[in-house]
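Chemist: Here is what each chain is made of, one letter per residue.
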Amino acid sequence: MPDDTPLKHRPHPMHLAPRHEHDGGPPPIPHPAPSIPGYTELEVTSNFTFLTGASHPDEMVRRAAELGHRAIAITDTNSLAGIVRAHVAAKEVGLQFIVGCRLRFTTPLPTTAVPLPLSILVYPTDLAAYGRLCQLLTTGKRRAPKGECHLELHDLLQSHQGLLAIVIPPPIVSDDTLAVLEHLRRTFSEDRLSLAISRGYHQDDARRLRQIAQLSEHLNIPLVATNDTHYHTPDRRTLQDVLTCIRHGCTLDQAGFRLHPNAERHLKSPEEMHRLFAAHPGALDRTLEIAHRCKGFSLDQLRYNYPEEIVPEGTTSMTHLIQLTHAGAADRYPGGTPPSVLAQIEHELRIIADLNYAPYFLTVHDIVRFARSRDILCQGRGAAANSAVCFCLGVTSVDPSRSSMLFERFVSKERDEPPDIDIDFEHERREEVIQYLYTKYGRHRAALTAEVISYRGRSAVRDVGKAMGLSLDAVEALAREVDWWRDSPDDPQKLAAIGLNPRDPHLRAVLRHAREIMGFPRHLSQHVGGFIITQTPLSELVPIENAAMEDRTIIEWDKDDIEALGMLKVDILGLGMLTCLRKCLDLSAGAGDARLTLATIPAEDPATYDMICNADTIGVFQIESRAQMSMLPRLRPRCYYDLVIEVAIVRPGPIQGKMVHPYIRRRNGEEPVAYASPEIERVLGRTLGVPLFQEQCMSLAVSAAGFTPGEADQLRRAMAAWKRSGTAILAFEQKLIEGMTSRGYSLEFAGQVFQQISGFSGYGFPESHAASFAILVYASCWLKRHKPAAFAAALINSQPMGFYQPAQIVRDAQSHGVEVRPLDINHSTWDCTLESSPQGPTIRLGLRLTKGLQQAHADAINDERSQRGPFESLMDLQRRTREHVPIQALRHLARADAFNSLNVTRQAALWTLQRLTDHPMPLFEEANNTHASDTTELARDQTSAARLPTPSPFDEVATDYDRAQLSLRAHPLSFLRADLTAEGAIPCNHLESNTQCPAGKAVTVAGLVLVRQRPSTASGIVFITIEDETGIANLILVPRIFERFRSEARHNAAIICTGTIERQGKVVHIKAKHIKPLPLNTPALNGRSRDFH
Amino acid sequence: MPLAEARALFRHTPHIATLTPDDDRRGLQRLAQWAYRFVPIVAIDGGVGGGDGVGGVGDGLFLDTRGCAHLYAGIDRLVRRILRHLTRAGISARLAVAPTFGAAWALARFGPSGPITLVGPGHLEAALDPLPAAALRLSPECLDGLSAVGIERIEHLRAIPRASLAARFTPDLLLRLDQALGTAIELITPIRPRWPTRVEHLFEGPTDRLESIALATRRLMEELATLLTTNQRGVLSLRVELLRSDLDPLHIPIRTSEPCADATHLWKLLAPRLERAHLGFGIEGVRLLVVCSKRLRHTQAPCWRESEQRPPQTSQLIDTLHARLGDGSVVRPVARESHLPERAFTFAPVLDHSQHPDRAKHRARPSAPSQTIAACDRPTMLHATPLPIGVGFLGTGAPLATLHLRGTSHAIGTCIGPERLAGEWWKPGAERRDYFKVQTHEGRWLWIFRTMHPSPNTADAPHTPHTSRWFLHGEWA
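Note that the protein sequences, when read in sequence, are chains A and B.
Taking our numbering, the leading residue of the first sequence gets 1, the next gets one more, and so forth.
Taking our numbering, the leading residue of the second sequence gets 10001, the next gets one more, and so forth.
These aren't lab readings, by the way, just hints derived from the structure by calculation.
Bear in mind the structure is a predicted one, so any value in this text is a computation, not a measurement.
Glycine included, each C-beta is placed from N, C-alpha and C at the ideal position.
Warning: the hint list may mix true and false statements.
Some chain A residues judged to face chain B by a derived CB distance under 8 Å, without partners named [stated by the list, open to error]:
#: 1; residue: Thr233
#: 2; residue: Asp235
#: 3; residue: Arg237
#: 4; residue: Gly256
#: 5; residue: Phe257
#: 6; residue: Asn262
#: 7; residue: Lys268
#: 8; residue: Met468
#: 9; residue: Gln907
#: 10; residue: Phe1023
#: 11; residue: Val1038
#: 12; residue: Arg1040
Not everything, but these chain B residues come out facing chain A in the computed CB check (under 10 Å) [as the list claims (entries may be wrong)]:
#: 13; residue: Pro10040
#: 14; residue: Ile10041
#: 15; residue: Ala10043
#: 16; residue: Arg10432
Calculated cross-link-like contacts (lysine to any residue; reagent style SDA-like; alpha-carbon spacing at most 25 Å) [stated by the list, open to error]:
#: 17; chain 1: B; residue 1: Lys10427; chain 2: A; residue 2: His506
#: 18; chain 1: B; residue 1: Lys10427; chain 2: A; residue 2: Gln622
#: 19; chain 1: A; residue 1: Lys658; chain 2: A; residue 2: Pro602
#: 20; chain 1: A; residue 1: Lys466; chain 2: B; residue 2: Tyr10072
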């Protein structure tokens, strides 16, 4: 039977249940007694025929096993996307799985223009035939737009070898069809073709059966019985109807004959099939025969071949890897490799050699080597940081001598799955790496993996609600409340609260189906960066289709499928902070300082930690968020490992596991640090007895409960899937608690440990990951502390990234004593640059801040300036750049007020530019080209410009914000200060003083909205940060207040807020009571905040 | 702003309708026709940037009021009257009267608050100066250029030498400025008024003699028929108005199923209702007004049998029945897509004029069904309520042998089936049925079914889960 728990995201069957190999227990579903008649379902449409099948492939397989089938096929339309899941499930329940595919053709019949109404099911009988099938589908998909497959019968006829085929006869058999059938029979020689009959309980079943039997006799094609299965149990029929409606974009009432008339398309038991096909026993035997002939192929035969070019001639991959590792270790540790690291390297190399993963490490090394050669910053993250080999190869940066490694988290023998290495690259240059991979291995050998986009709560209720004829209002109301009904869908009070009748059976049916549909795949999309690279052509391994992005191709399987088949995957990810760091290092080197790299940034600098403790972290990596900033003064990190903890602790996992406060109390000495045993102390010593990382849970299981490292890894997987499947982790609860009590721990303590582990659910941070990130955190903080100008400039140059806008970055830099100069046509380049001044480096804003300006135009202006000196006047600028820069670009610059060095105001410049055109009249060109005519023209402009209304200072600032993202003149709120004081609002910087603003005092503040956040862990509380000319204020809106002032809080660029002060040490919040919009009568400031939606 | 964002602004779900420019334009055209009752020239506003007023379609009407004011004793009374009528029709409007169309356009949209603005010839410039530049019907690019240099209002524009403006902005700017100020001519393109097709006859005095009323009405019918035939239109809906001397006019609506320009047919529909009409103290006149008409279909005149009468049309029968029996009494079956036999058809009123004929084509049509009715064999007669029957088998698991219907037993010869219909589960009372087409020994083909899951409504009826209940649903005649 199907799981009754609703799944937000359906886990891959591989993750669904713990493996049973280690228990030695029987498979969960017993084999049927061999005496009953045999039947194999060969026409199965799973939900990977999107919006058609109503059961997951693995549900089909499990149900088939329950019913006593000995094999089952999955035949999705023109797709093999679901077969891996079915294969994994079939292995688990001990069923033969038959790879199959339903082919539909777009070609018209020879004599008419109607498309060929046949669908043909094909099944490969050996590896070569499977390769041909993949190639066939690839051909069809590559010639069609994304998500479609244009096949012609001709394609099949060319790659028929080794394939068994079943023809589904069309409702009306015409002469054309007969001819096609004849042709197919001749092509599929050696009795490889069959003709399908099925009984759908239609009125003319009997007649149709007779007809097809006659046809079979006439053409000499054997009959085969199928049931055209669309769902695994009859009760899924209603869901299938809903899916059909979603597919056709209609409601159930309108669907009419598009729905199936009955619920018979479910998997039926062999006995039932024998009853139905009593008149055609041969057709049933034929299914067994086909299943038998398909035994020649299983997905397990797919041999993944590593690319070979990464190994130099005359050496094996393993020796090459050993060489590279030792060479790398020598680089990493110039003073000699520490013995513990050496031992770790030996340990890892042994496992790698055993599992034959050397080519994988070499492939990754090659990518990293390429990036280094192009000066692209990159850093491995995730589990790979647990590996000393990866550290030596330069893939990761976490020094194994400084943290404890759990290599089994990364590669384990028990798992026999390839390791998964994620590498971050500079986000602006990731494409270079991707193109390198395509060029090096070719498009036929490298492709992105797919991401299966599934129904989630909101999309599920929207689509189901619409298909079931709910009004759009009701659908929206439900979709908005998706959070609760996913967990407790039958809560009548909540339904009533949004104006729906909880007793309405129709509404309950909507919710039931919406829950059922969650986790159903909707379409395939491209994974962000998961690359699969092979030695042999990829299209013989898996069908390849076009992605939505141009020049991208994706395979049909997602990362779980690939993992299940043991294929290599490298994640090429983009990280904005790496871009920023590289730019910052470049800038500071260009400003005359010594060239720094990430590795040479001075470690453990006290001044940097002082800055971090003061929560002065605008713009740095990770710890710049509101939650992180409020945690910093309490945790007071003083060393690298404190940063690792800081990164990991402000996460949903530890917060929900209630580990944050115990840790802070212990760290501040308010609570004694005690360990139940020395083993526990060894594991949890670093984090004062509070488990904060996934690895610690695994180690705890190993050392305190006697798990093997492989089992501990399964525990991790179960932890990740706990929220979704719920049951998997329970199997471990018993084992963990028993293991711990038998080792002398108290039952209470064991239960507490288990609670903490399950608290991690899907959100725990692995230590290795946090360690990788902490390196970037420290580097960015150090640069912010010691190179504030370069850091701010690099940050602006890397936009968009992070939480803050250029305006805040600039204001933060200014408050750290950095001078910021306005963008100017005679001084700025596209990017922000550093200029020297007596006070140290100064930021010159870049033309990139100009709204509407293209980089090519900015570069053309720069080139001209660097070749022939600065521009003297507007006319001079226009004449010299006329070839490359349109007037419109100059107007954009004028609006950003970039002509200050020409002594022209924004208004005057625009007035002059308004007169100029890209194509001066040829007659006047000569006359126009003289300096004298320039002067008279400009003089005339001046007189007429004098008649223009003078813009107010506020207008100037507002235009600055609109056209250049920030203003160096004044803060917009400074113009309103008098009004604000009259309203009783105080400047934000008054909040800092404890005497002026004690906790509990009611205050009113006003400001521009910088950030709106609604963290998922904060149960609906909304955080808003506002800024005025003196500083920032942090507002807290409880859900009740947020709902009351929803539109004010959500959509205004500036607000005025009344509330009470809350203080926690240096951290000041205002608990909002009342919010109203602040009228800044300009649209320029709107839409500038980083919002949660 | 995307819709989702707009929605989020509201605490409650707002009413959302799709913008249909075509419908808007049609509405505006109807309103323009309507405005002809006040002034002799009406034009639809050409919209922003339309240049000479023929480019686009805006959201307003130009009414040329020259020479009309005295008819209403003053221009202000005319404007108030128009506003009153519009308000009554549920249309909120702003009206401005000015010496130029341009100024009126500007004032109606950007003028002082309040629904009516009146500006006399001497105050034009003063009234325009504080308005924003957008009031001049300028293109967005032009407005953007103006606001970039700080020109927000019309007074700013007027302060700048014309030559400087001409050098910088499109010629449109000066033209629009001049049109608003009355120094350039603005031509508007009036829409052509369409008068309703109507004929009327006034008696010399009130009469209650049915014969003379009938005679006059017949004549009017013929007159109307001629009028319609020359225009090649046929009437779908006609209003006969009897102007009673002491009462409100009596309206008799007449509807036809097909466009009709045949006086005899129309008269046949009217005559019985005229007889029943309450004439009060007599009527002063008869008026026929075409409410809805459609292009008349051409019919070829018979070539050989000139004198032969055209065969009576079904449509005429329908019309007659409809006229006699009243609205909603004449229906016809319409096929619906449903697997359930009793839901596979529905009855629709035969004359459904709630749907405007132009709109009929917009009605959603079902897409190509995967399986058509034709593929199923359905009985010619269906019982409105299935009749419970008893059945007898030869033995367990054996085919049907006998059928007990209304106390009579019928032996069964042939049995085709089952056809399994699972019912429409989203409706209450859904049940699964197995249909059989059986032939009795008398040769009757009957359609019977058994229910597998009794519906909750009939759950009280005695049954055991293993006995299915049998019904007769139809018969092939």
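Chemist: Each hint needs a verdict: does it hold in this structure or not?
Modeler: Evaluated hints:
{"no.": "1", "hint": "Thr233", "in the structure": "14 Å, violated"}
{"no.": "2", "hint": "Asp235", "in the structure": "10 Å, violated"}
{"no.": "3", "hint": "Arg237", "in the structure": "7 Å, holds"}
{"no.": "4", "hint": "Gly256", "in the structure": "2 Å, holds"}
{"no.": "5", "hint": "Phe257", "in the structure": "4 Å, holds"}
{"no.": "6", "hint": "Asn262", "in the structure": "4 Å, holds"}
{"no.": "7", "hint": "Lys268", "in the structure": "13 Å, violated"}
{"no.": "8", "hint": "Met468", "in the structure": "6 Å, holds"}
{"no.": "9", "hint": "Gln907", "in the structure": "5 Å, holds"}
{"no.": "10", "hint": "Phe1023", "in the structure": "18 Å, violated"}
{"no.": "11", "hint": "Val1038", "in the structure": "17 Å, violated"}
{"no.": "12", "hint": "Arg1040", "in the structure": "13 Å, violated"}
{"no.": "13", "hint": "Pro10040", "in the structure": "43 Å, violated"}
{"no.": "14", "hint": "Ile10041", "in the structure": "38 Å, violated"}
{"no.": "15", "hint": "Ala10043", "in the structure": "33 Å, violated"}
{"no.": "16", "hint": "Arg10432", "in the structure": "7 Å, holds"}
{"no.": "17", "hint": "Lys10427(B) x His506(A)", "in the structure": "8 Å, holds"}
{"no.": "18", "hint": "Lys10427(B) x Gln622(A)", "in the structure": "54 Å, violated"}
{"no.": "19", "hint": "Lys658(A) x Pro602(A)", "in the structure": "35 Å, violated"}
{"no.": "20", "hint": "Lys466(A) x Tyr10072(B)", "in the structure": "55 Å, violated"}
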